[in-house]
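Asks: As a plain string of letters, each chain reads:
2 protein chains.
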Amino acid sequence: MNEKRVFNFAAGPSAIPEEVLAEAGAEIMNYRGSGMSVMEMSHRSKAFLSIFEETKDTLRRLMKVPEDFEILFLQGGATLQFAMAPMNLITRTGKADYAITGSFAGKAADEAKKYGDIAIAASSKEKNHTYIPAQSELKIREDASYFYYCANNTIYGTEWQYTPQTPAGVPLVADMSSDILTRYVDWSKYALVFAGAQKNMAPAGVTVVFINKNYIGHALPYTPVMLDYAAMVKGDSMHNTPPCWSIYMMGLIMKWVEKMGGIEAMEARKRQRSKLLYDVIDRSSLYKGCAEKDSRSFMNVTFVTGDPEIDKRFIAGAKEAGIENVNGHRSVGGMRASIYNAMSIEGTQALADYMVEFEKRG
Amino acid sequence: MNEKRVFNFAAGPSAIPEEVLAEAGAEIMNYRGSGMSVMEMSHRSKAFLSIFEETKDTLRRLMKVPEDFEILFLQGGATLQFAMAPMNLITRTGKADYAITGSFAGKAADEAKKYGDIAIAASSKEKNHTYIPAQSELKIREDASYFYYCANNTIYGTEWQYTPQTPAGVPLVADMSSDILTRYVDWSKYALVFAGAQKNMAPAGVTVVFINKNYIGHALPYTPVMLDYAAMVKGDSMHNTPPCWSIYMMGLIMKWVEKMGGIEAMEARKRQRSKLLYDVIDRSSLYKGCAEKDSRSFMNVTFVTGDPEIDKRFIAGAKEAGIENVNGHRSVGGMRASIYNAMSIEGTQALADYMVEFEKRG
Chain X
4 MNEKRVFNFA
14 AGPSAIPEEV
24 LAEAGAEIMN
34 YRGSGMSVME
44 MSHRSKAFLS
54 IFEETKDTLR
64 RLMKVPEDFE
74 ILFLQGGATL
84 QFAMAPMNLI
94 TRTGKADYAI
104 TGSFAGKAAD
114 EAKKYGDIAI
124 AASSKEKNHT
134 YIPAQSELKI
144 REDASYFYYC
154 ANNTIYGTEW
164 QYTPQTPAGV
174 PLVADMSSDI
184 LTRYVDWSKY
194 ALVFAGAQKN
204 MAPAGVTVVF
214 INKNYIGHAL
224 PYTPVMLDYA
234 AMVKGDSMHN
244 TPPCWSIYMM
254 GLIMKWVEKM
264 GGIEAMEARK
274 RQRSKLLYDV
284 IDRSSLYKGC
294 AEKDSRSFMN
304 VTFVTGDPEI
314 DKRFIAGAKE
324 AGIENVNGHR
334 SVGGMRASIY
344 NAMSIEGTQA
354 LADYMVEFEK
364 RG
Chain V
4 MNEKRVFNFA
14 AGPSAIPEEV
24 LAEAGAEIMN
34 YRGSGMSVME
44 MSHRSKAFLS
54 IFEETKDTLR
64 RLMKVPEDFE
74 ILFLQGGATL
84 QFAMAPMNLI
94 TRTGKADYAI
104 TGSFAGKAAD
114 EAKKYGDIAI
124 AASSKEKNHT
134 YIPAQSELKI
144 REDASYFYYC
154 ANNTIYGTEW
164 QYTPQTPAGV
174 PLVADMSSDI
184 LTRYVDWSKY
194 ALVFAGAQKN
204 MAPAGVTVVF
214 INKNYIGHAL
224 PYTPVMLDYA
234 AMVKGDSMHN
244 TPPCWSIYMM
254 GLIMKWVEKM
264 GGIEAMEARK
274 RQRSKLLYDV
284 IDRSSLYKGC
294 AEKDSRSFMN
304 VTFVTGDPEI
314 DKRFIAGAKE
324 AGIENVNGHR
334 SVGGMRASIY
344 NAMSIEGTQA
354 LADYMVEFEK
364 RG
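These protein sequences, in sequence, are chains X and V. Residue numbers for the first sequence follow the numbering used here, so the first one is 4 and each next one is one higher. Residue numbers for the second sequence follow the numbering used here, so the first one is 4 and each next one is one higher.
Among the hints, erroneous ones may be present.
Same chains, same names: a pair is fine if it fits in one copy or spans any two.
What the hints assert, rightly or not - With a straight-line Cα cutoff of 30 Å, these simulated DSS-like cross-link-like pairs (lysine-lysine) come out:
{"no.": "1", "residue 1": "K237", "residue 2": "K117"}
{"no.": "2", "residue 1": "K278", "residue 2": "K315"}
{"no.": "3", "residue 1": "K110", "residue 2": "K216"}
{"no.": "4", "residue 1": "K142", "residue 2": "K7"}
{"no.": "5", "residue 1": "K216", "residue 2": "K117"}
{"no.": "6", "residue 1": "K237", "residue 2": "K116"}
{"no.": "7", "residue 1": "K116", "residue 2": "K98"}
{"no.": "8", "residue 1": "K49", "residue 2": "K110"}
{"no.": "9", "residue 1": "K296", "residue 2": "K192"}
{"no.": "10", "residue 1": "K322", "residue 2": "K296"}
{"no.": "11", "residue 1": "K315", "residue 2": "K49"}
{"no.": "12", "residue 1": "K98", "residue 2": "K192"}
{"no.": "13", "residue 1": "K262", "residue 2": "K130"}
{"no.": "14", "residue 1": "K49", "residue 2": "K322"}
{"no.": "15", "residue 1": "K192", "residue 2": "K116"}
{"no.": "16", "residue 1": "K363", "residue 2": "K262"}
Because the hints were derived from the structure by calculation, they are not lab data.
Required output: the full structure, derived from the provided sequences and hints.
Replies: Next comes the structure, spelled out in C-alpha cells:
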C-alpha cells in the first residue's frame with residue numbers, strides 16, 4: 004500500500020481519488036460493523052439499500068436533477084445505451100437525428116439504424132473529427148423523435164461548448180460518459196442523458212442513466228426487459244441484481260465531489276487542469292494540439308509532435324517519470340492526457356512540467 | 004477490519020472467502036507495483052489483460068471447458084441472458100422449449116416469447132415448484148432450436164440431479180447461476196451455459212457465458228451489438244469496457260477454488276454442507292423441508308416451521324448468533340440457507356447447531 008502511486012492519465016477506466024480508495028480498502032472486509040463486505044451484501048439488504056439511496060440522492064443533489072427525471076444505475080456501458088435510446092425513444096415518430104463528431108457517436112448512429120430512420124444532422128468526419136459543428140450547421144428534422152450527440156469525444160479531444168438547439172418538441176439525447184459531473188446540465192432540453200461511469204464517476208461496471216419519465220413506456224415490442232427504461236424505473240434499477248460494488252464506489256466518489264465543492268469546484272478544476280496543458284501546447288514549437296481551439300475538450304487533451312518516433316520517446320520518458328497512459332487512442336496515435344475529475348492539479352502540473360522539459364531536452 | 008465477521012447465508016450476492024477479501028484489500032491502492040488500483044486500470048493495459056487472461060484460463064481449467072466453447076465476461080445478469088439466448092439461438096428453427104421449474108425459468112420463457120415459438124416442455128408449477136420433473140416428463144420438440152432449463156432454483160431450493168436428454172440435434176441451454184463451479188458440466192450437450200456470477204464466482208456485476216462457437220453468428224437482425232454473442236466473441240468480451248473489478252475478484256476466487264482442490268473439492272464440500280442441514284431437518288419435528296427429497300438443492304436449503312411467527316423468531320435469533328440472511332425469498336417466506344462455495348463447513352455447522360438448539364429451546 005505504501006509504494007508510490009503514479010499519475011494516471013488513462014481515458015477510462017481512469018484515476019480514482021486516493022482517499023476514496025483508502026476508505027474502500029479500510030472497510031472492504033467489514034462494512035461499518037455489518038460483519039460483511041459490500042461485495043457480499045444482498046442488494047435488498049438494509050445496509051446496501053442505504054448505500055444505494057444515498058448514492059442516488061447525492062448525485063441528484065450534485066447535478067440538480069429535477070424530479071421528472073429518474074436516475075438509473077444500469078449495466079452494459081454507453082454501448083448498450085446506443086441501442087436502448089432508440090429502442091425506447093424512437094417510436095414517437097420512427098425517426099431520429101444524430102451528430103457524428105467521433106467514433107462513439109458514429110457507433111451510436113449505426114446501432115440506431117436497426118430501429119428506425121436515422122439521419123445525420125451534422126458530421127465532422129471530413130476534418131477527422133477535429134471540431135464540433137456550430138449550431139447553424141445542425142440539420143435537425145422537425146419530426147425527429149430526438150437529436151443525439153456525444154458531449155465529449157475522448158478519442159479526438161473535442162467537446163461541445165454549447166447545448167444544441169432543436170426544433171420545437173425535439174428533445175436532446177446525450178452521451179456524457181466523459182464529461183458528466185464537470186458542468187451543470189439544462190435538464191429541460193433532454194429526454195435522456197447517459198454515462199458509462201468509468202471516467203468521472205466510478206470504476207467500470209455501472210452506467211448512469213438520467214431518463215425523463217415522460218418519455219418511457221413506448222419501447223419497441225421486442226425490447227428485452229433489461230433494455231426497457233420503464234421496467235428499470237419500475238424496479239428502481241433492481242429488476243435484477245445491480246452492480247453493487249461499482250455503485251458503492253460511486254457513492255464514495257460522489258461524496259468526495261461534494262466535499263471538494265461540487266460541480267462548481269469540478270468546473271473550476273477542469274479549467275485549471277486543461278489550461279496547464281493547452282498553454283504548454285500553445286507556447287511550444289514541438290507539440291501541436293489535435294482539436295481546433297474553440298472545440299477543445301476540458302477532459303482529453305490530444306496532441307502530437309508530428310513524428311511518431313518522438314511521440315514514442317515522449318510516452319516512454321513520461322512513464323519513467325511516473326506519468327502513465329499518455330499515449331493516444333490506438334485509432335489515432337500521438338498523445339492524449341485524460342484529465343477527469345479525480346486528476347489532481349499536482350498531477351497535471353507534473354505532466355505540464357515534463358512536456359516543457361522534454362521539449363527543452365530535444 | 005478486525006471486527007467480527009458474520010456467517011452470511013444470503014442467496015446472492017453472497018459470501019466471498021475471507022482470504023480473498025483480504026488479498027483484494029491489501030492491493031486495492033496499488034496493484035502489485037503498478038502504482039494504481041485495478042479499478043483505475045485501462046482495460047487494455049498489460050496489467051489488466053494479464054488479470055483477464057489468467058481469470059479466463061483458470062476458469063477453463065477448473066471446469067474443463069473445451070476449445071469449441073468461448074468464455075465471455077458480460078454484464079446485465081442472467082436476466083439479460085434470458086433475451087440473449089433466444090435472440091442468438093432461436094433462428095435455427097424459430098422454436099425453443101422450456102422447463103418451468105421456478106420463478107427464473109418462468110421469466111426466461113416469458114422473455115423468449117418475444118422472439119419465437121416457445122413451448123413448455125414441463126412445469127412444476129402445480130406443486131409450487133417443489134420438485135424437478137423426471138426425464139420421462141420432458142416433452143421436447145424434435146425441431147426445437149434448444150431446450151432450456153434452470154439448473155438450480157434458488158427460491159424453491161430444488162436442483163436438477165441429471166443432465167436432460169433431448170431429441171437428436173437439440174442442444175441444451177442452461178442457467179447455472181446458482182450451481183456453477185460445484186460440479187462438472189457435460190459440455191458436449193450444451194450450446195450455451197450462463198451464470199450471474201454473484202453466487203459462486205464473483206461479486207455482482209459480471210455474467211459468465213460459455214457459448215459453443217458453432218451456434219454464434221445467427222442473431223435476429225435487430226439484436227443490439229452488446230447482445231450478439233458473435234460480437235462479444237470477436238471483441239473477446241471487450242467490445243466495450245468490461246466490469247474490470249468484478250473480473251479481477253473472480254480471478255482471485257477462481258485461484259482460491261483451485262487451491263482448495265478444484266471442482267472435486269467444491270463438490271465434496273457442497274455435499275458435506277447440505278447434509279449437515281438436511282440431516283437436522285429430517286430428524287426434526289419442527290422443521291419441514293420445502294423441496295421433495297430427490298430434488299433437493301445442494302445450494303439453497305429451504306425449510307419452514309409452518310408457523311410464520313416461529314419462522315420470524317428463528318430468523319431474529321439467528322441474527323443474534325451471527326447467522327445472517329436465513330430468511331426465505333420474499334415471494335415464498337420461511338427460511339432459506341444459501342450455502343455456496345465460499346460458505347465454510349464451520350459456518351454451516353454453526354447454523355445446524357443453532358437449528359437444533361432453537362428447536363430444543365422451543
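Asks: Is it within, between, both, or neither for K296 and K192, if the alpha carbons may be no more than 30 Å apart?
Replies: For K296 and K192, the Cα distance is within 30 Å only inside one copy (26 Å; across copies 60 Å).
Asks: Is it within, between, both or neither when you check K192 against K116 at 30 Å Cα-Cα?
Replies: This pair counts as within: shortest intra-copy Cα distance 23 Å, inter-copy 37 Å.
Asks: With identical chains treated as interchangeable, where does the CA-CA distance between K315 and K49 reach 30 Å or less: within a copy, between copies, both, or neither?
Replies: between (51 Å within a copy, 17 Å between copies)
Asks: At most 30 Å between C-alpha atoms: does K237 with K116 qualify within a copy, between copies, both, or neither?
Replies: both (28 Å within a copy, 21 Å between copies)
Asks: From the Cα coordinates, with 30 Å as the cut-off, is the pair K49 and K110 best called within, between, both, or neither?
Replies: For K49 and K110, the Cα distance is within 30 Å only across copies (26 Å; inside one copy 40 Å).
Asks: Can you give me the call for K216 and K117, within, between, both or neither, at a CA distance of at most 30 Å?
Replies: For K216 and K117, both the intra-copy (24 Å) and inter-copy (24 Å) Cα distances are at most 30 Å.
Asks: Between the shortest in-copy and the shortest cross-copy C-alpha distance, which are at most 30 Å for K363 and K262: within, between, both, or neither?
Replies: Neither, since 39 Å and 54 Å both go past 30 Å.
Asks: Go through the copies and call it for K142 and K7: within, between, both or neither, with a Cα cutoff of 30 Å.
Replies: neither (51 Å within a copy, 63 Å between copies)
Asks: With identical chains treated as interchangeable, where does the CA-CA distance between K49 and K322 reach 30 Å or less: within a copy, between copies, both, or neither?
Replies: For K49 and K322, the Cα distance is within 30 Å only across copies (14 Å; inside one copy 44 Å).
Asks: Give the relationship of K116 and K98 under a CA distance limit of 30 Å: within one copy only, between copies only, both, or neither.
Replies: So K116 and K98 pass the 30 Å test inside a copy (10 Å) and across (27 Å) alike.
Asks: Is the C-alpha distance from K322 to K296 at most 30 Å within one copy, between copies, in both cases, or in neither?
Replies: within (28 Å within a copy, 62 Å between copies)
Asks: When no copy is specified for K262 and K130, does a C-alpha distance of 30 Å or less occur within a copy, between copies, both, or neither?
Replies: Classified as neither; 41 Å inside a copy, 55 Å across copies.
In this structure, the hints that do not hold are numbers 4, 13 and 16, in rising order.
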